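Q: Same order as they appear, the protein sequences are chains F and G. Just so we're aligned, residue 14 is where the first sequence starts under this note's numbering, counting upward by one. Just so we're aligned, residue 26 is where the second sequence starts under this note's numbering, counting upward by one.
Hint data in this document are derived by calculation from the structure and do not stem from the laboratory. A hint or two may mislead.
Partial list, computed: chain G residues near chain F (C-beta under 8 Å) [claimed, not checked]: (1) Ser120; (2) Gly132; (3) Gln133.
Using C-beta positions, here's what the derived DEER-type ranges look like [said to hold, decoys possible]: (4) G:Val140 to F:Gln84: 42 to 48 Å; (5) G:Ser112 to F:Lys82: 35 to 41 Å; (6) F:Leu95 to G:Glu97: 40 to 46 Å.
Here are the computed lysine-lysine pairs in the DSS-like style, where the Cα-Cα straight-line distance is at most 30 Å [to be verified]: (7) F:Lys82 to F:Lys62; (8) G:Lys87 to F:Lys71; (9) G:Lys52 to G:Lys69; (10) G:Lys76 to G:Lys87; (11) F:Lys125 to G:Lys76; (12) G:Lys76 to G:Lys96; (13) F:Lys35 to G:Lys76; (14) F:Lys125 to F:Lys62; (15) F:Lys82 to G:Lys52; (16) G:Lys87 to F:Lys90; (17) G:Lys52 to F:Lys71.
Just so we're clear, the structure is a prediction, and the values are computed from it rather than from any experiment. Using N, Cα and C, we set each Cβ at its ideal position, and we do this for glycine too.
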Amino acid sequence: AQSVAQPEDQVNVAEGNPLTVKCTYSVSGNPYLFWYVQYPNRGLQFLLKYITGDNLVKGSYGFEAEFNKSQTSFHLKKPSALVSDSALYFCAVSPREGGGNKLTFGTGTQLKVEL
Amino acid sequence: NAGVMQNPRHLVRRRGQEARLRCSPMKGHSHVYWYRQLPEEGLKFMVYLQKENIIDESGMPKERFSAEFPKEGPSILRIQQVVRGDSAAYFCASSPSSGPNTEAFFGQGTRLTVV
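Bound conformation, chain F alone (with noise of 0.2 Å):
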């Protein structure tokens, strides 16, 4: 079974300073890794995704992850945050065989970026 570990329930950042949100994951077999973020009664918007190749992953909004396979990690990272980044980040893992877009998503981590 597969399954994503967040951490972190909330991190605080002040806005300029950069952030990272923490991921880990457990899967047999090598991973397709995601990121999703909610804002308040919203769906959720697709940020980023890891597939395979370079373990540095560009996304949306000036958000980028990093493939770590040794630490099984996929940590979320943006070098300044904005106020407008507050919103809840959710990583979240689907097997490469079969799994389709069939995701296992983190608990959730609350960010608050503050002026």
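Since the structure of chain F is provided, determine the placement of chain G on it from the hints.
A: Just chain G, lined up with the frame of chain F:
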């Protein structure tokens, strides 16, 4: 190209009633996924459907829940004899294929409240 459309956005049902949640996938998308988000939790996979077929229903409760995606019309998630524990946000996602090279697009969700 409209996004994934879910209706209603909010649904209130009394215990014992039936709830019908609708999802119209993006144009050209024939794969639909339903997820449930309980308060303070991440999204949990429920069911994966293609037109007229249930591909994976491993996340569906064994009783009272059913889903369909007919040849014509939206996908329907039906909950019979609702109980308070069914109160949650139900999200639908669609994709044009089953491969994770194409990410799933999420609707804004239906928030079901059982009173």
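Q: So, for every hint listed, does it hold in this structure?
A: Against the structure, the hints come out as follows:
1. Ser120: Holds: closest Cβ of chain F sits about 5 Å from Ser120 of chain G, inside 8 Å.
2. Gly132: Hint on Gly132 of chain G: holds, closest Cβ of chain F at ~5 Å, below 8 Å.
3. Gln133: Hint holds; Gln133 of chain G Cβ to chain F Cβ min 4 Å, cut 8 Å.
4. G:Val140 to F:Gln84: 42 to 48 Å: holds, 46 Å
5. G:Ser112 to F:Lys82: 35 to 41 Å: Since the Cβ atoms of Ser112 of chain G and Lys82 of chain F sit about 39 Å apart, the hinted range of 35 to 41 Å holds.
6. F:Leu95 to G:Glu97: 40 to 46 Å: holds, 44 Å
7. F:Lys82 to F:Lys62: Judged against 30 Å, a Cα distance of about 15 Å means the pair holds.
8. G:Lys87 to F:Lys71: Violated - the C-alpha atoms of Lys71 of chain F and Lys87 of chain G are around 40 Å apart, more than 30 Å.
9. G:Lys52 to G:Lys69: Holds, at about 25 Å.
10. G:Lys76 to G:Lys87: With a Cα-Cα distance of about 22 Å, the restraint between Lys76 of chain G and Lys87 of chain G holds, given a limit of 30 Å.
11. F:Lys125 to G:Lys76: This hinted pair is violated, its Cα atoms lying about 40 Å apart.
12. G:Lys76 to G:Lys96: holds, 6 Å
13. F:Lys35 to G:Lys76: Not satisfied, since the Cα-Cα distance of roughly 37 Å exceeds 30 Å.
14. F:Lys125 to F:Lys62: holds, 23 Å
15. F:Lys82 to G:Lys52: Not satisfied, since the Cα-Cα distance of roughly 36 Å exceeds 30 Å.
16. G:Lys87 to F:Lys90: violated, 39 Å
17. G:Lys52 to F:Lys71: holds, 27 Å
The structure fails hints 8, 11, 13, 15 and 16 (numbered hints given earlier, in ascending order).
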